[in-house]
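K.L.:
Those sequence lines, one after another, are chains A and B.
Quick note, the first sequence lines up with residues 1 to 301 if you use the working numbering.
Quick note, the second sequence lines up with residues 1001 to 1571 if you use the working numbering.
Wrong hints could be hidden among the right ones.
Have a look at the derived ranges for each label pair, beta carbon to beta carbon [said to hold, decoys possible]:
1) A:64 - B:1297: 52 to 62 Å
2) B:1292 - A:274: 56 to 66 Å
3) A:63 - B:1254: 51 to 61 Å
16 Å max Cα-Cα, derived EDC-like pairs, lysine to aspartate or glutamate [to be verified]:
4) B:1047 - A:220
5) B:1203 - A:243
6) B:1203 - A:291
Bear in mind the hints are in silico, worked out from the structure with no lab data behind them.
Note that this is a predicted model, so its numbers are computed, not measured.
Glycine residues also receive a C-beta, built at the ideal position from the N, C-alpha and C atoms.
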Amino acid sequence: MPIEGAWRRLGPWIDALRRGVASLLELVVEVIRGEPDVDVHTLVTFRAVVDAVVPETPALGEDLGPEHVPGGLAIDLDGFVVTYVDDGFQLGFPHVGPHGNIPLADPIAHVLDAAALALLDREGNAAEPSADRALALLEPGEASARAVEEAAGPFAELSRRDRLRAIGLLDEFDLEVLPSPGELFEFDAGLVGQLVVGFTELIYYGEWDGYDEFTQPPGDRVHPNDPAAVQSWRQTGFPGVADGYAALRGYLGTDDGPLGDGEPWTTIDDDPASPVRITRESGSFRENDYDTSGYEEPHPE
Amino acid sequence: MVASSYDVVVVGAGGDGPVAAWKLAEAGLSVLVLEAGPFYGNEQWPKPSEAPGGEASSSVDDLSGELLDEQFTGREFEMVNQLLFGPADHERGFWFRKFPGDGAILQCAGVGGTTLHYTGCHPRAYPASIDEQGHWPIDYADLLPYYREIEAVCEVTPAPVTAKEELFFRGAAAAGWELLCDLNVTEPGYRPQPNAIRQPDPKLHVDEEYDGPFTYPEVEGDTLALGNIAGNPHPRGAPYEEKAKRASNVSFVPPALETGNVTIRPNAFVTDVRTETALGDTPAATGVTFRDTWSGHTETVGAEVVVLAAGAIETPRLWTNADLPRNEWVGRGLTIHFGDNVMGLWAADDLEGALGEPTVDQHQGQDIAARFDYPGLGMLQTVGTTPGIGAILGFGASASGFAFQNDPAEAPWDTVGRLAGTELKRILSDYRRMLQVLVVSDDRPHRRNGVTVSPVLSDEHGPIPLVNYEPSEGDRRRRDDLAEIAAEILREAGAAHVHRSDSPPTALHLHSTMRMGKVVDEACEAYDVERLFVADHSALANGVGGANPTNTGQALAARTAESIVERYFGG
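So here's chain B without its partners, still in its complex pose (with noise of 0.2 Å):
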């Protein structure tokens, strides 16, 4: 079903690399897109952790909203483990990755990348990080026309309140921050996400005391049933397309196959850029070998443009295994937004008064519907987690050692540092009344931080990638301001305790390190391997001032398409 050439072959089907093939494929031209994980919900792979399946989907009609209901189970430590990046195979590990501290890396494999596990968020980048920090070589304007396409494609709207955002919101006004009803945000305040998530069914209001099934026909929309970290396949019983939150599977993936120009190819794990360079001229991108991950066969396939959209970390990996030009700032400028987590914990009496109720049931609603922007440092927001989730990203490591061993006196949170023993199982015991805000910062791209591969440890795709961070001066302070910013919200909004994680580097997001001006050109081409591009966050020039970063990368991906089409196919 792979030819052995195609206009382009699109290196991954992450949130960035299906956007690339639609407009590609729209555009008229043949598009393969090779992806390391699997296809869950395509007919072509009814058990796709289990066996090899099908080749390859050209088709929407593959598509099955019934067998990601299936392979969806919304349990939290199953689904991070399917989810997280792996093989196909459910009995092999996950491909590691070498890492500093006790951070962690936190990706997906498979048709969707890392939007099947993120939370919809899709605010555009701070203007001021893209016009006034000097890293880009574009500007904000450059992206807007793109922004709007695709939070058209995605459906992005303001996200609905529940019983957690609404307290983090009263905690932010009596703050005295002020509500932020725009876009194009420059000035510091809060707002409801702007999410990739079709707003809940107006049947599910608190006051219509809905007590029908919660699955589609009968609801339709988001079901406030969190549970987005763990792929979220709600409504069930929807139509593939019918599902609630936009990731790129869901969204870009089936228009692509509707072209009938895009092939899909999952399990494929590219290894190799194939080149040619006649005499004197610099290199020309001729396609890619890539190995299945089930049988281990490798293939090479032909391509006019090849466009690597493997993510941050794996293609300036692909880069280096595959021996092309060492431009110093190939890996480099790595930016993961330096984050944290400060934690509040409310007395049921106090949550009375204020939301009518003695828990905020951080399980219900959607996982991130509230944030604070605050350009120059980066930004909050409220994360509902399932209690595993929340366990291991809230306390499961910090950069202060146990909590135990830490007396923060002055500082304003209660308690700093990571958590085990009976304080993990007393602080626990008030799940449902506690609420965690996620400090997101506005990291800058240093050169030390990146990815390099190991010279000595390979494994079956080639040496590992090894990931340096160390945040500098001045991302310590943004993050410090941010989580003092967090503890005051928190009690404003009444909490009784508060705690912070001082989270090591851990990484949600990332990008930076195939910076556009640096390595790729305007246009996100390399400058020193022709008809090779670049369409993932790697290619940002910047961690866009700390907002989610899924809507610029996509952005930016919708327009190196078109870049693509107008140098090499007569535009």
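Chain A on its own, in the form it takes in the complex (with noise of 0.2 Å):
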């Protein structure tokens, strides 16, 4: 029905714009009272993605051990990658952002509640909505019900995988950021796609939970490089960093080619005309004759 239709268009606007007014008075608040700008909706924003990216998984634990259970929000992943996603770019502008990189977390944060809407607007969701989402994302008495619940948008309320759905529209939205008063900067939203979900792996998995203080300069960052110190390490087997492995087991030849040599190892191949073997030593390529007259194309242009 349209008219229906409108109204559930219409309903979600209104909830922003109550909730921009309620940003702006906090807004005006932070700047009366000298207080750092929290921005609640970025901060719910990012945790509810690093919660449906690399969420706790009780059920893991069950199948695979106990240190399979937590997720990025148990290591904060959420506040570095909100840092991250700010210091990321840099586009020329000395006077956007602290040297010249150009704050997105909070773009990119709307960009999501954008993504959601679109999700609720289709019917793409699986999951109905709900505020109570969002306040799980927080710790108790880290903000208080009414400001969460107003701050947070659209893309917190969803469930863990209807989150993932609203990402998986992104590549049909621009990105908009104003790197300075009448200089409008359109960007493919993909780009959100790959900073929320691929950074958020990759910093996941990599060591970034083993640093002291990832931002200081790299000769200033200590890292143990012990799995002790870096949860996702515990979880994948990875042992850390080494200088080497006495992983060697030969190289790959045959009898009576030229690649390969010594003793043979094992057997790759034991096709008994010619078999192929790793051997101790190493060979060397052929500097063959070649003919492509022969060549076909096997998916012609």
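Hints in hand, dock the two standalone chains.
P.N.:
Structural data, given as structure tokens:
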């Protein structure tokens, strides 16, 4: 029904307007009080991202062991992802953000809300949105329920899978950034998906958790290179960065060809005509004559 | 330290620029190499990401293995951030380039360029891609002497076998493919990678039960510690020139500096190519203007010849921003080896049977040491990754949405798509029992694909590059065929579960945006600007068949340097 559809579209916009006014008021209060700029909407939205991409997984704990339970929120990954996307890109505007980096976390959070609204609008969600999900992303006492409710956008109210579904719609959107007054810059919101999924995965499964403080200059960063210090290494079994491994099995080759030399170590292909083996020493490639006259395009352009 | 003019200015010290600089300097010419990123492992810049340091380096004595050890920590997230294309200053983010969809461009800034995180793979082009596909005005045979020269300097040898390569080779043999022993590949089959990484110390054989340190001088050559994507400083403790991976900063920069004729100026972003035009004549290059990325100061330096070696994105960007004549192929014809990832997961018992141990342990060995060639389609290669890079490359993006949204039904893989949430954590809990195969397709140059610049957005170096890439139907089919072959090889190797990413276009290899025969002539001199040459992968006329492009880019740069000497310096 067209009227129902119109109301469904209008409702979120009224909410968005209410939130916009609320956050403006918060900003005024912050400015008056001189408090640091803590954007609850951005915070909650990025927690919702991390909670969807690398969630707490009690079921894996039952299958695989207790080390597989905690997710990104247990190591405050959300805070670093916000820092990372805010510091990640240079657009050559020394007057915008520290060191000319363009702060992207806030506009990304709003793009994620737009994607969530689009998902709801096309009824692509499998579960009903709920403000309780957004509330559950904060620790008790971290912010008032009312503040969260007012600040949480539709993305944070989706179920984990529906958040991923919303991210999947991002290629249809443009991300708009105002680097300076009058200089609107739009880019494909697919970058948002890359940042919030791809980079969240890279940061979580990389060594980041082990640093004292990653934002320090490279020469001052301390990393113990120990799975005890990196939650994801305990989940993957990655033992840390090594200087080397005595893992050499040998070199591939045949008895009568130029590759492979020395004692056979094992046989890969026991075709009696020409067995392929791994040998203890290396041979070399052949500088062969070649003839391309029989070349056929498997898939002509 | 930087003079007001040189015989030749080379723009970019990536994979190819140092090759041209070395050859030109060997011929007795004075050469200035300008590099946008930092110079790692050089005593002029003890903290290259934290302070401006010196101005330029002209001596091989400046090179320091100790500093390289300190700066290349091997930690994946830190090194990805340090090496990817951006300014030296660690407090500043990447230089922005617009790329379609949720794909990405993986290029590095710094002396060594993208060879800083390449995996040392140095195969030649497939001969048919040069002689039969109709893109190249020269023959494969013209490149052969240069391949041999490059392979000798880079010490290219067959890569060693560890567990993950043995697993792949067993699968390929069981699937009925033949072992290839040749450098010039015309038939499909599998073979060890021709890698520009020194072979490992024989004492690292599993039967030797070595338990000593993996540092130099106890161990020489590769130490089988993965880490090439993170820069590879191994063996630790080795002098700069004894590092195992022969990235261009290790293979070509030292001999270039040895000549005494080369100055390398890092942190210098070239923003303009200067030309003069005699009345009614074509313009001729006279020098370049560059900007110091720390201070913001600009300088102009004169040259008899200018060589663009800034890579397949920055070379056409610079050309366009310098307002040089707009040939219709400038920036066009981009190939990126439209790729994919197919991943196998094994049960511990099955691995025990195939390998004699219950894990693949992809974190051991060289990153990419086994390959499958198929001229006309492209290639497959095994990839060992640390978990974070493995996650972002293998699971972080897909053109098919998330795996839970897809039912591959009759497809040769069990799951397809992006992974996140519980599925991601479950699959990565098997990190030590998985192996990724990178699909690298022989995509063809199309005029719609390439590099333009933004009409509205500039950074401190001019309008930013906009990259467009949309594969053709043929490109998709070649990739699909390769993905199916990869799945079959993994199954034959005993994989219990096969996952396909269906990756969005992502640019690991970039080429053919200033193509020979279209923008530059057979000597790689621009048709429309005299004394302006291109010596990087952008001059390649196509994607060399899908084989890793470093060897061909370097061979062509060596050939171009000889042409420059012949044409302008009395040969």
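K.L.:
Which of the listed hints are not met by the structure?
P.N.:
6
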